[in-house]
Amino acid sequence: MINRLVFENLKHRPVRTLLSALAIGVQVVLMLTLVGVSEGMLHDVAERSRGTGADVIIRAPGSSILTFSSGTMDERIVGKVREQPHVALATGSLVHPVGNAFNAIAGINLAQFNEMSGGFQYIEGGPFTEPHDMIIDSVDASEAHLHAGSVVDFGVPWRVTGIVVPGKMSRMFADLKSVQDTYSSSGQVSVIWVKVDQPQNIPLVVDEFKKLLPGYGVWSLADYVSLVSADNVPMLREFTGVVIGIGAVIGFLVVFLSMYTAVLERTREIGILKALGASPGYVLGILLRETVLLAMVGMIAGIALSYGARALLTQFAPNFTTIIVYSWWPRAGLIALLAALIGAIYPGLKAARQDPIEALSYD
Amino acid sequence: MTDGAIIEARELTKTFHVGDVDVHALRGVNLSVARGEFLSVVGPSGSGKSTLFHILGGLTPPTSGSVMIEGRDLIQMSDADRTSLRKKIVGFVFQKYNLLPTLTAEENIEIARDIAGSPARPAAFDSIVKLLGIEGRLHHKPRALSGGEQQRVAIARAIVNDPAILLADEPTGNLDTQNSQVVLDLLRRLNHEFGQTILMITHNPEAAAYSDRIVHMRDGRIEQL
Ligand SMILES: Nc1ncnc2c1ncn2[C@@H]1O[C@H](COP(=O)(O)OP(=O)(O)O)[C@@H](O)[C@H]1O
Ligand SMILES: [Mg+2]
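Chains as they are written, first to last, in the numbering used here: chain R, 1 to 363; chain X, 1 to 225.
It is possible that part of the hints are untrue.
What the hints assert, rightly or not - Pulled from the structure, derived: some chain R residues nowhere near chain X, Cβ distances all over 10 Å:
(1) Gly118
(2) Ser184
(3) Ser186
(4) Leu227
(5) Leu276
(6) Tyr282
(7) Ala311
Stated by the list, open to error - Output of the computed footprint for chain R on chain X, the stretches with three or more beta carbons under 8 Å from beta carbons of chain R:
(8) 32-39
(9) 81-95
(10) 175-185
No wet-lab data here; the hints were simulated from the structure.
Built from N, CA and C at the ideal position, the CB exists for glycine as well.
Generate coordinates for the entire structure from the input sequences, incorporating the hints supplied.
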């Protein structure tokens, strides 16, 4: 019966109920989208690292895990690496950030890179041949509306010769020498990709390189990929925390106001319940149940909206690879529920403490 | 204590503090009500009738004096005790019906049972509903019911937990003559057939005539005639 009352109360003010649930939904979608984008981008970095076909990755001392563009080393190391036992292939690349913060052009030795990765699949055009030629993957191409023959200005004009299927290390590629010379990094590479003859030799090779190149970052690709996580992105945890906090405050405020107005307009009903013998806990329980129901509707709305947000991002910002992180559904729901319940405490206590005769004896 | 009394009030006072002003709503009420009695309380507006009912019904604590209901002393009761008194010992009927607008008639009756924590419908539920003549109106919300019907639903709600005392504060105050008679008849039948103890506030001498005994209130006291 109390559930019936809770349901009827919410139904009685459909607009307020829907708006409150929607606000909780916005809070949930905020969390889910942020997590979806950050997990999606990290997942993308991991996938593209795998796409190189390498078994071992070598980075210059002090370089960041998440961007291939930070820290450079002498490209003659590539030759030394190639001479080591069990090394089948080794190729260096220089990744240089261009355009916006999420874009970088990778200088590669096309023949070596193709051999290691299995080669690019061309959707349009073909490989780069001239010094300021480049190829670009379809995601960046569609975002920047580029086609084979387009010219892009990254300090110097680059001519797009081909559009390729995404998934291999970077989104834009040009000849290593030409990237080195254009961005004054002659003789430098930022990543060395190594293919090992037999998978079981990978740990051996990693150990060898660690001895050979003290201070350098040497990982098996599997280890590297596992490092590509939110924990290793500077400030991402904090940023996520701040956004969740803001979302929770929105949820708290909306529920607070919504329940507060509900309590004010239900003075008489609360008085009636008390006259019937309802304890403060019973009255509080009604408000809390309403809040839980609101939060649940809001959570479902938020999850539904997160699919919409992903569709929007894929449409307008394809660089932001967004994934649906199921493990965050219960977490986001719980956070939304807690914020809502905290928001309901004050109005709920006000209702629970209300003097029944004030409501019943005067109109 | 008078033999068989269900309510026994001695020098009962109630003072409200409104800002700096003390409002003496009750100034020493002496009243004894026997089990199974149907008592009318009449008196001018502001004489303290409702306040007396609110105290007897556990809605507000008395200021001084003594008041026993079913052998329990109201003066010593905590908030929780008064909540339990409202739940189990008294049933209220108000002038303004005071049904919950979002629930149907039946749900309005059921919620009283739910609050009291009674597990199942009392055996008498159907006979109460039949006696009150609201069988056909149970699935309607209050706004779809006439005033008389709403008041009958309110009476059903007040007695569904089988209270020792029914407190009715001007139950016919908002009703026309015909509906008033129906409601008053019902109260008298509840009293006669089920032995329900009833205290009723009224302005109307005709209404008061339905009861066994009439007491008059003036200036926060019961006038001894
Ligand atoms: N909650 C309250 N706060 C302050 N004064 C009150 C309150 N309830 C009643 N009073 C005052 O107590 C007096 C008696 O009121 P009431 O019991 O309602 O009288 P009646 O029901 O006989 O008309 C009135 O002067 C009224 O203004
Ligand atoms: Mg009154």
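Hint numbers contradicted by this structure: 5, 6, 8, 10
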